[in-house]
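Put chain B on the given structure of chain A with help from the hints.
For reference, the chains in residue letters:
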Amino acid sequence: MIVVNLDVMMAKRKISAGELADKIGITPANLSILKNNKAKAIRFSTLEQVCKVLNCQPGDLLEYRKGEQEDE
Amino acid sequence: MWNPSKSVRLSSICTKIAIVLVICAAFAMPNLIPTYVNYTGKDPEIIHSLLLTVYACVLPGMLSLICLGRLLSNIRREEVFIEKNVKLLRVLSWCSFVVSAILFISGFYYILFVIIAVCAAFLGLILRVIKNVFEQAIVIKRENDFTI
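Respectively, the protein sequence lines represent chains A and B. Read in UniProt numbering, the first sequence has 2 at position 2, and its numbers run on one by one without any break. Read in UniProt numbering, the second sequence has 102 at position 102, and its numbers run on one by one without any break.
These are computed hints drawn from the structure, not numbers from a lab. Everything numeric in this text was worked out from a predicted model, so none of it was measured. Just to be clear, a hint being listed does not mean it is correct.
Claimed, not checked - Going by beta-carbon spacing under 7 Å, a handful of chain B positions derived as facing chain A:
(1) W94
(2) V98
(3) E143
(4) T147
Unchecked claim - Once the Cα atoms are required to be at most 25 Å apart in a straight line, the calculated DSS-like pairs of lysine-lysine come out as:
(5) B:K141 <-> A:K35
(6) B:K141 <-> A:K40
(7) A:K38 <-> B:K141
(8) A:K14 <-> A:K38
(9) A:K38 <-> A:K12
(10) A:K40 <-> B:K84
(11) A:K40 <-> A:K52
(12) A:K12 <-> A:K23
(13) B:K131 <-> B:K87
(14) A:K23 <-> A:K38
(15) B:K141 <-> B:K131
(16) A:K38 <-> B:K84
(17) A:K66 <-> A:K23
Glycine residues also receive a C-beta, built at the ideal position from the N, C-alpha and C atoms.
Same shape as in the complex, but just chain B:
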């Protein structure tokens, strides 16, 4: 039977798979990007720019996945409304904004990136709202815990 515990475990497994995929992709990018450029018939001069964009996004991307992993492990330990999770959500939202900024700049040579940049910025905004909700939830929980 499906339950929240199994859902958290599945999310945790997916996060770990994503970390492995990002690492593999980072190593494979020097081969993948020229193949993509040749296949789509784009100007080969953008290969270096594409590589630069992808590698610039790897660091915030990995940091996001690590934060997600930690967030999920905290939830598995039933530590949901804690300051640590607020910090993790804050880092996650900033990572989204950084990726958004990188992709927005990259939009000058490859317009498709602008669309992803807007999506990343929107995701960062959603994460910021969730972070604010968590902050308030911690205050309410503290008050409940100290109501005798």
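Bound-form chain A, shown alone:
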């Protein structure tokens, strides 16, 4: 499964969820979905904004873990 390590990057950059949501232009509720690995997909435009704000690469945010069950 694909794991979103957004919380790790946010901790590294010392940025709060509210501030990040504001800078990306998405709602705090949607950011929470992304942060808690409940998202089914992420748009390239959203990923681009997250990378831009956190100054990182998509690979820093997304991780593939083999053999783990996907959440339904």
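Coordinates of chain B only, in the frame set by chain A:
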């Protein structure tokens, strides 16, 4: 100007009128059926069978109308692709199949019922397909909702 909101409201009003008509018809049936039998010159012995068929169809018929009313009120609240609507469509299709079965059995004494039974079965089938479409639409909507 005509719009979807007015269309849903009209459907809702029609459903409520249909509920009232079914209740009135249920009370009037003991008088209406003998009148119909006398008028058409049929065998008076079928009066009891006709009454039995009609009253057996009242319950699934009322349940269908109640489900339709709920479905329409959900649509008015802009809750279209939800599990509740799938359940309502499932109940609606089963009601159609039950009515179809009752009318098919009644076809043994009154052949006209077989035609209506076929129509009811076809309606049930259409409702089942719509229910399947709704089920898939819910999956797609959920995926869209969780695409950030």
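Each hint, compared with the structure:
1. A least Cβ separation of about 27 Å between W94 of chain B and chain A goes past the 7 Å threshold, and the interface hint is therefore violated.
2. Interface hint at V98 of chain B: violated, since its Cβ lies 33 Å from the closest Cβ of chain A, which is beyond the 7 Å cut-off.
3. A cut of 7 Å between beta carbons decides the hint on E143 of chain B: the least distance to chain A is about 5 Å, and the hint holds.
4. Nearest Cβ of chain A to the Cβ of T147 of chain B: about 4 Å, under the 7 Å cut. The hint holds.
5. The suggested pairing of K141 of chain B with K35 of chain A holds, with an alpha-carbon distance near 20 Å, which does not exceed 25 Å.
6. This hinted pair checks out: K141 of chain B and K40 of chain A have alpha carbons roughly 11 Å apart, not beyond 25 Å.
7. For the suggested pair K38 of chain A and K141 of chain B, the alpha carbons sit about 15 Å apart, so the restraint of at most 25 Å is met.
8. For the given pair, K14 of chain A sits about 22 Å from K38 of chain A by alpha-carbon distance, which is consistent with the 25 Å threshold.
9. Restraint check: the Cα-Cα separation between K38 of chain A and K12 of chain A comes to about 22 Å, which is no more than 25 Å; the hinted pair holds.
10. Of the pairs offered as hints, the one joining K40 of chain A and K84 of chain B holds, with about 23 Å between alpha carbons and a cut-off of 25 Å not exceeded.
11. Straight-line distance between C-alpha atoms of K40 of chain A and K52 of chain A comes to about 22 Å, which keeps the hinted pair within the 25 Å bound.
12. Restraint check for K12 of chain A and K23 of chain A: satisfied, since their Cα atoms lie roughly 17 Å apart, inside the 25 Å limit.
13. For the given pair, K131 of chain B sits about 8 Å from K87 of chain B by alpha-carbon distance, which is consistent with the 25 Å threshold.
14. Of the supplied pair hints, the one linking K23 of chain A and K38 of chain A holds, its CA atoms being roughly 21 Å apart against a limit of 25 Å.
15. For the proposed pair K141 of chain B and K131 of chain B, the alpha carbon gap of about 15 Å is at most 25 Å, so the pair holds.
16. About 23 Å separates the Cα atoms of K38 of chain A and K84 of chain B, which keeps this hinted pair within 25 Å; it holds.
17. Restraint check: the Cα-Cα separation between K66 of chain A and K23 of chain A comes to about 32 Å, which exceeds 25 Å; the hinted pair is violated.
Hint compliance for this structure: hints 1, 2 and 17 are broken, all remaining hints hold.
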